[in-house]
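Based on the provided sequences and hints, a complete structural model is requested.
Top line first, the protein sequences correspond to chains A and B.
Under this note's numbering, the first residue of the first sequence is numbered 1, with each subsequent residue one higher.
Under this note's numbering, the first residue of the second sequence is numbered 1001, with each subsequent residue one higher.
If you are wondering where the hints come from, they were derived from the structure by calculation, not from laboratory data.
Keep in mind that the hints are not guaranteed to be accurate.
[Said to hold, decoys possible] Pair by pair, the computed Cβ-Cβ distance ranges are:
#, chain 1, residue 1, chain 2, residue 2, range
1, B, Asp-1135, A, Ser-273, 52 to 58 Å
2, B, Glu-1079, A, Leu-84, 43 to 49 Å
3, B, Tyr-1015, A, Thr-183, 18 to 24 Å
4, A, Leu-258, B, Gly-1111, 50 to 56 Å
5, A, Ala-195, B, Ser-1142, 26 to 32 Å
[To be verified] Derived contacts from chain A toward chain B, CB cut-off under 7 Å, selection only:
#, residue
6, Ala-17
7, Leu-21
8, Asp-66
In this text, a Cβ means the ideal position worked out from N, Cα and C, and glycines have one as well.
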Amino acid sequence: MKAFTASVQEVFREAAARWTLIAYFALSSLFILIFALAVNLDIVDGALAGAKLFGQAVEIGDHAVDIDKIVLGFESGFSGFLYLVGTFLALFATAHLVPRLQEKGTIDLYLSRPVGRLPLLLSRYTGGLLLAAANLVYLIGTMWTIVVWKTHVLHPRFLLAGLVILFTIAALLAFAFLVGVVTSSTGVSLMATYAVFFFAAVLSQHNRIAAAVSSELSARIVHGLYWILPKTAELGQATVALVAGGAAPAPIANIDHLAVYGSTAVFAVASLSVASWLFSRKDF
Amino acid sequence: MANLPIEAQGVRKVYRSRFGGRNVNALDGIDLRVEPGEVFGLLGPNGAGKTTTVKILLGLTRPTSGSVRLFGMPVSDPESRRRVGYLPEGHRFPGYLTARQTLMIFGKMSGVDGATLSRRAPQLLERVRLSDWADVRVKKFSKGMTQRLGLASALIHDPDVLLLDEPTDGVDPVGRREIRDLLQEEAARGKAILLNSHLLSEIERMCGRVAVLRSGRVVAEGSIESLTASGSRYRLVASGVDERLMAAFRETGASIERINGHFDLTARDVDHLNALVDRLRSGGAKLQELSPARSSLEDVFVGLVTDVEGAPAAPPKENVS
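What follows is the structure, encoded as structure tokens:
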């Protein structure tokens, strides 16, 4: 356990020393700052009387708008944006964890200690996830605080967005680890993981794509890939749906949560298992 | 019988080519045994299998066949490395860590508690002359300083076995002597040390026993004395030895040559040698020194690792099955 904890601490120390941690939080702070400065709301008796976005007045008509609904709509929509930003930033900040570990002259130092290869790999994975989680707490927590400060509306469901984003990061980071173990390249890990993210998002339209392809085999491959890969588009929708609660539009609210979370979890576990198996058998 | 610190039997390692090329036998059935308190040297030209051997001992590389045990535990078990300190060749400590942090982190990874580490880290840094650099980032260190830090890191958990790959690489002569002294102290405390080095003079000074690897095989193993001994040849230093006395020696079957102020004497056996000494004294000559003639370790090494044409031996290859 000492070794596991030391390895997790090492991930944070490395992130801090290599400016990754600072850049990660600086970018998040930039989003927060833009958001804080951009949105100005004028609330009278619990209703929105006026609003300014980037200094421009927003037309809201003669009638007063329920601020609760505005906040809910804004937070659910913004959570979709955070899903994209949070996931990309996290992968960028953590994809190097395995390739750097496997560098010649470095891996020997770790594996010559009485630490199993599986705990070593999992400690890096845990460290990466904790790093991403810390950033999400900062990013989403601060955004939520600003919303509360500007609107006086408490809507804690916004905080739940972090859980779905972290789940997505966990799945994609597992795949990045798999590519990292095989290639020992941070660049390839990142490119492959982003490719999976976008390709899987395109495959959310698998029924339409399968209908458009010429052969039955191609259609089956499309459906097969859809079920193998993580459901990145649906998870974005799930983030919005979770924040919006009952107010989410029907197409978003009606996604099959069990299939989306279940198949993505299987992808993550399979990726991490194969990565662990390959790492444990690798000659250094 | 107590478990040996290092024991390898019939270890083979074949690196398989991925794309239909030829497989390479990096190790071809080597046996090694290292006793407690022994400094054992592993010699061989580039590609002979020295580093592969060390990596197999640490479980970094898996043997194709054979048995490798540390203190009786199979090296596939991470626990076998709890009593092992390792200094890899070309190691790269994270440059952002200070020397003290490096020892703390790698000490924790070896299962040492914080209080013990807080006590041991400064002691070790003092021992490798890095006390003044304890809180400086490793990226500022010279090659020799990094090497000394590597040695401290290998010792941080007070291991019973040390596997050292080129420990004095990049270290100045004074530092080399200090490292030699430090390792001799560790050996005197009963630690088994396996030294992998190209520097034959280092090996000659530090090791009690060596194994010479060539093309993945142990081609010679034994004490430095036994490997460098030249059989019945002796070095004789004496005054008053003239051509008449030398001719008398030759009549008994001995051979004697004058070389750079001393004599190169070959006798059949010890009795013959003693008879020659008696003859020398009775002939009026004065004996000043008589010792077994030795080849240098370098001569022995070069003789063992070069083939008939004088070129270094290539690793054996086998066709893809």
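Quick rundown of the hints versus the structure:
A beta carbon spacing of about 42 Å between Asp-1135 of chain B and Ser-273 of chain A contradicts the range 52 to 58 Å that was offered as a hint. Here the CB-CB span from Glu-1079 of chain B to Leu-84 of chain A is close to 45 Å, well matched to the stated 43 to 49 Å. In this structure the supplied range 18 to 24 Å holds for Tyr-1015 of chain B paired with Thr-183 of chain A, their Cβ-Cβ distance being about 19 Å. A hinted range of 50 to 56 Å for the beta carbons of Leu-258 of chain A and Gly-1111 of chain B is inconsistent with their spacing of about 42 Å.
A beta carbon spacing of about 43 Å between Ala-195 of chain A and Ser-1142 of chain B contradicts the range 26 to 32 Å that was offered as a hint. For Ala-17 of chain A, the interface hint holds, since its Cβ comes within 7 Å of a Cβ in chain B; the closest pair sits about 3 Å apart. For Leu-21 of chain A, the interface hint is violated, since its Cβ never comes within 7 Å of a Cβ in chain B; the closest pair sits about 12 Å apart. The beta carbon of Asp-66 of chain A is not positioned within 7 Å of any beta carbon in chain B (closest approach about 52 Å), and the interface hint is therefore violated.
Going down the numbered hints, you'll see the structure goes against 1, 4, 5, 7 and 8, while the others check out.
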